[in-house]
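**Q** For reference, the chains in residue letters:
2 protein chains.
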Amino acid sequence: MKQPSLPLPLGFLASGVHAGLKGKDKPDMALFCSRLPALTVGMVTTNKVKAAPAKHTEKALKAGFKIQAVVVNTKNANALTGRQGERDVQATVREAARLLSLPPQAVLVHSTGVIGVPLPMPKILLGVRQCVLRLSRAGGLDAANAILTTDTFPKYGFRTLKLGGKKACLTGFAKGSGMIHPNMATMLVYLLTDAGVNRGLLNRALREAVGESFHRITVDGDVSTNDSVILMANGACGNKPIASRGADYRAFAGALKELCLDLAKAVVRDGEGATKFVSITLQGASDEADAYRAAMAVAKSPLVKTALFGADPNWGRVLAAVGYSGAAVDEFKAKVVIGGYRLYDGGREVAWSRDRLKKILSQRDISIVVDLGLGKARTTVYTCDLSDGYIDINGRYTT
Amino acid sequence: MKQPSLPLPLGFLASGVHAGLKGKDKPDMALFCSRLPALTVGMVTTNKVKAAPAKHTEKALKAGFKIQAVVVNTKNANALTGRQGERDVQATVREAARLLSLPPQAVLVHSTGVIGVPLPMPKILLGVRQCVLRLSRAGGLDAANAILTTDTFPKYGFRTLKLGGKKACLTGFAKGSGMIHPNMATMLVYLLTDAGVNRGLLNRALREAVGESFHRITVDGDVSTNDSVILMANGACGNKPIASRGADYRAFAGALKELCLDLAKAVVRDGEGATKFVSITLQGASDEADAYRAAMAVAKSPLVKTALFGADPNWGRVLAAVGYSGAAVDEFKAKVVIGGYRLYDGGREVAWSRDRLKKILSQRDISIVVDLGLGKARTTVYTCDLSDGYIDINGRYTT
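First to last, the sequence lines map onto chains A and B.
Here the numbering used here is used: the first sequence runs in plain steps of one and ends on residue 922.
Here the numbering used here is used: the second sequence runs in plain steps of one and ends on residue 922.
Looking at chain A on its own, in the form it has when it is part of the complex:
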């Protein structure tokens, strides 16, 4: 996914700077900006303890304001910071609006990092100024790097497409490595496009894309206080704004889905401490809901994830997790296949070799397929292994 430079859609600028929140000159603040007011839709964490910036974003999205700027800071989540946290959001919004000559309602701010500590406002305000000064068409990669926390690589991508004869562009950014679990939204994700799309269809396309990407990944099952996915469409490519579910909508929604899935997979691949990327396909389920909850139970199970880390041929934990997921399961109909290797088939004896399975589990990419043999529903979700790296990162996160 890495590339030398990252195209931004027409009318968009970006920047990433070191504002002194993190040590060692690490970039820690970013700004995404559209020269034109952009129709903006999004999804915010369902955690009832929402960070002040997440609450602000939720309100702005609900009001339907056209957005032109999103300020992002890392290191500090501005969550559980009381009224002071809300005042700090407002102060950041005001400063960005002033410097960019925008109305305050066109500005969003997002934070990610430690919970329960007040924002260092002097640094933040100075950071906003630096971000504004550095805004450029070539600033995409800087922004991609500046939104990271425990991530080990930046996550971004783009798609180009033709909409009514016009060339449109869609560029996406994600950060997220721990506290990753779907619950109507995950992590911080910015999707920028110069396509014109009406609000209803923009919303629909985002929800469909998130449903098949960010809602199908888990790292640790913890739901963040700050997750937000934002899609900004400024219409600068000049297409006749998409207003029906015809070919143009399908092209746009398809590109968005692909991009979101790429970003979601990158988040899992970079899960905290992850050494393996694991896809779990649950097929033959009675219905969609069963397929999803069974797949997610496997993807979340600490016992499955530690066995994957250790390449321990302990496949029984996969069906044990399906068993407590709530999904209908009959052990005499279920099958388990890992890396193409059949290990369990409805309770009939399967001759499998520990060595061969250990070899499969030692690879960096692992596919697990569970067939419940009960129906036709099917889903695929993505997870990573659980390693001592996760313990190490999260046992000293604030220190």
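Note that these hints are calculated values from the structure, not bench results.
Here the structure is a predicted model, which is why all the values come from computation and not from measurement.
Check the hints yourself; a few may be wrong.
Pairs involving identical chains hold if they fit within one copy or between any two copies, as the list cannot separate such chains.
Each computed EDC-like pair below joins lysine to aspartate or glutamate, with the alpha-carbon atoms no more than 20 Å apart [unchecked claim]:
| # | residue 1 | residue 2 |
| --- | --- | --- |
| 1 | Lys571 | Asp810 |
| 2 | Lys571 | Asp894 |
| 3 | Lys545 | Asp665 |
| 4 | Lys578 | Asp853 |
| 5 | Lys582 | Asp853 |
| 6 | Lys646 | Asp548 |
| 7 | Lys571 | Asp853 |
| 8 | Lys881 | Asp915 |
| 9 | Lys856 | Glu609 |
| 10 | Lys899 | Asp853 |
| 11 | Lys858 | Glu609 |
| 12 | Lys549 | Asp665 |
| 13 | Lys858 | Glu811 |
| 14 | Lys788 | Glu731 |
Once you have looked at the hints, place chain B on chain A.
**A** Positioned in the frame of chain A, the structure of chain B alone reads:
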């Protein structure tokens, strides 16, 4: 909880032997036996993928058979072993019944260990014979040691009480270290008593005791395929069998509750890789269900548990977990107190010292109190930290 010897209730015998399932002469099979037919009640895992022995136990309990013997093997769970697994249960039952001159329906067998591997029946049958030969009134500690898997110490306890002028005894055994999460039953637990109690009240006392003990602990959130809690009452102490909820019932139920809580706490203290014992009290919740789900979300959160392991003063993760638990929460009313130290108070600034909190988190026993400030419901649950020891144990469990 350790003591030089362990009294067994009148009429009970026990043994623990090395049957060659584990290496290095480690004890790996146990037998609990009552000379008199014992009224027996119990609870079995709610996992839909139940091990063959768990299914057999469920059926026997439902039929209301009086039980006289429980054979336990470790190292192999006899789960996901198809019809062969069921036949192996029957063969074990038959051999124990034959050697003990009991009807087969008076015998239960339990297994714990790796899932999906057939039992090594020659060793198991030889182990049954050894267990029968070693049965004795002094065999309690041997049995307590022989039911362990990844446990690092045996878990047992006893209570004596007066029932209608007769001295009664209640002795309990538990094993369990990983795959610990409440779901109507947990781990393997054997509760033996010479008290006489009618079936309805025996059942009631067990369900109440489990609800306040084994259902309030979690190690890793994985629900086992083999969990069983068994309570055998043979009436040998000679009391008039308890048939009403009077003083005798209250004495018996109280002793059972205490014993179960002791055993449950010991399971958490010995959680896989655990370095800390953590009690989480959730008070001021709108209702019982909210108190329980919020407390359990904190107890399960990998981010809370790794921070506890690392003594990282990252208390914000506690309320973040409450926030996604589904419980009603208002950040402007909630309070967080760890080790008696107030860290968060309804979003008002609290001056807390990282050093002091780090010191509290470095202790072996940690109490977390969350007050939601919304109502009067309250519960306490128990968990342990998540350390690299857990990863180490579970990354090489079968190897």
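**Q** Hints first: check each against the structure and report whether it holds.
**A** Right, here's what the structure says about each hint:
| no. | hint | result |
| --- | --- | --- |
| 1 | Lys571 - Asp810 | between (29 Å within a copy, 17 Å between copies) |
| 2 | Lys571 - Asp894 | between (35 Å within a copy, 15 Å between copies) |
| 3 | Lys545 - Asp665 | within (15 Å within a copy, 56 Å between copies) |
| 4 | Lys578 - Asp853 | between (44 Å within a copy, 13 Å between copies) |
| 5 | Lys582 - Asp853 | between (46 Å within a copy, 18 Å between copies) |
| 6 | Lys646 - Asp548 | within (14 Å within a copy, 64 Å between copies) |
| 7 | Lys571 - Asp853 | between (36 Å within a copy, 8 Å between copies) |
| 8 | Lys881 - Asp915 | between (25 Å within a copy, 16 Å between copies) |
| 9 | Lys856 - Glu609 | between (54 Å within a copy, 16 Å between copies) |
| 10 | Lys899 - Asp853 | within (15 Å within a copy, 42 Å between copies) |
| 11 | Lys858 - Glu609 | between (52 Å within a copy, 19 Å between copies) |
| 12 | Lys549 - Asp665 | within (11 Å within a copy, 58 Å between copies) |
| 13 | Lys858 - Glu811 | within (18 Å within a copy, 39 Å between copies) |
| 14 | Lys788 - Glu731 | within (16 Å within a copy, 45 Å between copies) |
The structure is consistent with each of the numbered hints, conforming to all of them.
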